[in-house]
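Using the sequences and the accompanying hints, generate a full structural model.
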Amino acid sequence: MNTDIEYLQQLETDLKDAAAREASGLKGAATPARHRTGQMWMKVAGVAAAFIVVAGAIGFVAGGGSDGMRLASRDPFHEVGDAGASDGSGDGGSGVAPGPAPQASAAPTTDGEEAAVGGSDYLVDVDNSVGRQGAAGGQQQDLSKIVRDGRIGIVVPDDGFGEAVGDLTFIAEQHGGFILSSDTQNDLSGTFVLRIPARRFDRALADVRGLAFRVRFQQTRGDDVTAEFIDYQARLRILRAQRALLFDLFQQADTTEEILRMAGQLDDVRLRIEQIQGQLRFINDQVSESTLRVSIQERNAPETVTETGVDNPDLGSFIDLAVQGFLRIVGAVIVGLGYLIPFTVLGALVWVAVRLFRRRRATA
Amino acid sequence: MEHHIGARNRRRVEDQRSDSELLTASAAEPGVFTELYRRHAEDLLRYFARRTLDPEAAAELTAETFAQAFASRTTYRDTGANGVAWIYGVARHQLGRFFRSGRVDRAARRRLGMPERDLPPEDYERIEDLVDFGPIRGAIAEAMETLREDHREALRFRVIEELSYAEVARRLSCSEANARQRVSRGLRRLALVLQEQGLHPAVEKES
Chain A
1 MNTDIEYLQQ
11 LETDLKDAAA
21 REASGLKGAA
31 TPARHRTGQM
41 WMKVAGVAAA
51 FIVVAGAIGF
61 VAGGGSDGMR
71 LASRDPFHEV
81 GDAGASDGSG
91 DGGSGVAPGP
101 APQASAAPTT
111 DGEEAAVGGS
121 DYLVDVDNSV
131 GRQGAAGGQQ
141 QDLSKIVRDG
151 RIGIVVPDDG
161 FGEAVGDLTF
171 IAEQHGGFIL
181 SSDTQNDLSG
191 TFVLRIPARR
201 FDRALADVRG
211 LAFRVRFQQT
221 RGDDVTAEFI
231 DYQARLRILR
241 AQRALLFDLF
251 QQADTTEEIL
261 RMAGQLDDVR
271 LRIEQIQGQL
281 RFINDQVSES
291 TLRVSIQERN
301 APETVTETGV
311 DNPDLGSFID
321 LAVQGFLRIV
331 GAVIVGLGYL
341 IPFTVLGALV
351 WVAVRLFRRR
361 RATA
Chain B
365 MEHHIGARNR
375 RRVEDQRSDS
385 ELLTASAAEP
395 GVFTELYRRH
405 AEDLLRYFAR
415 RTLDPEAAAE
425 LTAETFAQAF
435 ASRTTYRDTG
445 ANGVAWIYGV
455 ARHQLGRFFR
465 SGRVDRAARR
475 RLGMPERDLP
485 PEDYERIEDL
495 VDFGPIRGAI
505 AEAMETLRED
515 HREALRFRVI
525 EELSYAEVAR
535 RLSCSEANAR
545 QRVSRGLRRL
555 ALVLQEQGLH
565 PAVEKES
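Chains A and B are the protein sequences, given in the same order.
The first sequence: position 86 = 86 (this note's numbering), numbered continuously.
Quick note, this note's numbering runs 364 ahead of the 1-based positions in the second sequence.
Simulated from the structure, these hints should not be mistaken for laboratory data.
Each residue gets a CB set at the ideal place from its N, CA and C atoms; glycine is no exception.
Check the hints yourself; a few may be wrong.
[What the hints assert, rightly or not] If you want the footprint, here are the derived chain A segments under chain B, 3+ residues with CB under 8 Å: (1) 3 to 15; (2) 18 to 25.
[What the hints assert, rightly or not] Think about it this way: if two alpha-carbon atoms lie no more than 20 Å apart in a straight line, the pair counts; the simulated EDC-like pairs of lysine to aspartate or glutamate are: (3) A:K16 to B:E406; (4) A:K16 to B:E393; (5) A:K16 to A:D4; (6) A:K16 to A:E6; (7) A:K16 to B:E385; (8) A:K16 to B:E560; (9) A:K16 to B:E513; (10) A:K16 to B:E480; (11) A:K16 to B:E399; (12) A:K16 to B:E378; (13) A:K16 to B:D379.
Written as structure tokens, this is what we have:
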């Protein structure tokens, strides 16, 4: 370059230096433009992530925190820690919100299928379950089926284990239940499985808490099996109609071959009906009686080994919790965006106005 | 106001490659880019000087344009057109930003770690010599009415009456550096005013 302009000569030197710097750092490195593009995207991603986090925080606060967000969904799982939990209020049922009252739902609804359980005769076949439900007329009948169970770990005073076991037996009987199984260690600690009528579950749980010197843990859960129950009922109705039809055909059969074929089909349908009736009965049993696992230990008793094996973690419930947690976060972000976007748009407008003002002032 | 750019006695082997080839090669060999700079720096400075009328702004725009082009050289794709057209594309972008904001961007130079340099005093006149004020002197006289008094006076002495900076400084009772600054600021504002009025001081054909 042939020029007397010193600035251009200096600039050439600066560019050479920049080129030399880059040449020395070029080996194995990304090309500058790509690197900058990557940096730009990193910045964009950072800003977007910050935006979402802020939106989530706003949504979380606006939603009244985790409690507020929880109101929006059914929480079938409720756990109470030991600190300050031994108030004896017996509110373990609060975990099943906003579902119907467990006492109401837990009452076994003796549907028509139960009348037919013992009947092997094909003719004893009246599908009255629907009729009964429909006969409720104007009364709003609660048809939900909720299986409830829970577990509680309590600490009793020293030398109080035997007395606590006696009290526990009394509590089970008092509420119409019984101790299904027990496992004790050295008369210092033990685990008991109680079967309690579902409508008395909360009261029984409160009474068990009343035995505690300290509540180590408490956990209750409710599984809504209404959909499963209704599905079985529908399948039962279809099978019964099928059975009635097959029975008519069976009576009209003329040949031995037809009679044998119809009889085989009728046996098959009957077997399936009994299987479904068994499932319905099982659900009703589960709904009508709750399981309460009680771990009792004296204050200075060693930690029970069996306790951990009493109730294996339910992986499905953890997955449910994970999904719920994810949906709550997404919900919080959506709520937060609702607050944040108008402010962002307003800020952008102010920014554009300031830029226009500065540009005009610069050209004035 | 013609000024002869003196030749420097520098022995250097000319690179015979085309601008496009140099640009492409510079992606892997950054040092090659300086050959492009040697070829086009002065033309680009003239390009900016005739549009901004301001030596300072023109010099800075030249620096920023080459810095930006160097930083973005790997994005260049040889489509058959002369590679210098790509550099002038970068220049037009920088010029547009300058006219919109009234200041020269420094981002590319900062990113490359290039130092900020002031325009040496003697370069003012050399760069002004690159601008042919003849065809636009009338437009400048009209546009000058919109300038501040001190800028207007400085411009009148320097551009209309073609006085040296030493004489301008003497008449304005200020230092020579101050006179240069007043002329520079006045020209910059003048260029912006002309740009707003759709009067482009430069009429040259771009490469």
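Consistency of the hints with the structure:
| no. | hint | result |
| --- | --- | --- |
| 1 | 3 to 15 | holds (count 11) |
| 2 | 18 to 25 | holds (count 6) |
| 3 | A:K16 to B:E406 | 17 Å, holds |
| 4 | A:K16 to B:E393 | 12 Å, holds |
| 5 | A:K16 to A:D4 | 18 Å, holds |
| 6 | A:K16 to A:E6 | 15 Å, holds |
| 7 | A:K16 to B:E385 | 19 Å, holds |
| 8 | A:K16 to B:E560 | 37 Å, violated |
| 9 | A:K16 to B:E513 | 42 Å, violated |
| 10 | A:K16 to B:E480 | 15 Å, holds |
| 11 | A:K16 to B:E399 | 10 Å, holds |
| 12 | A:K16 to B:E378 | 17 Å, holds |
| 13 | A:K16 to B:D379 | 16 Å, holds |
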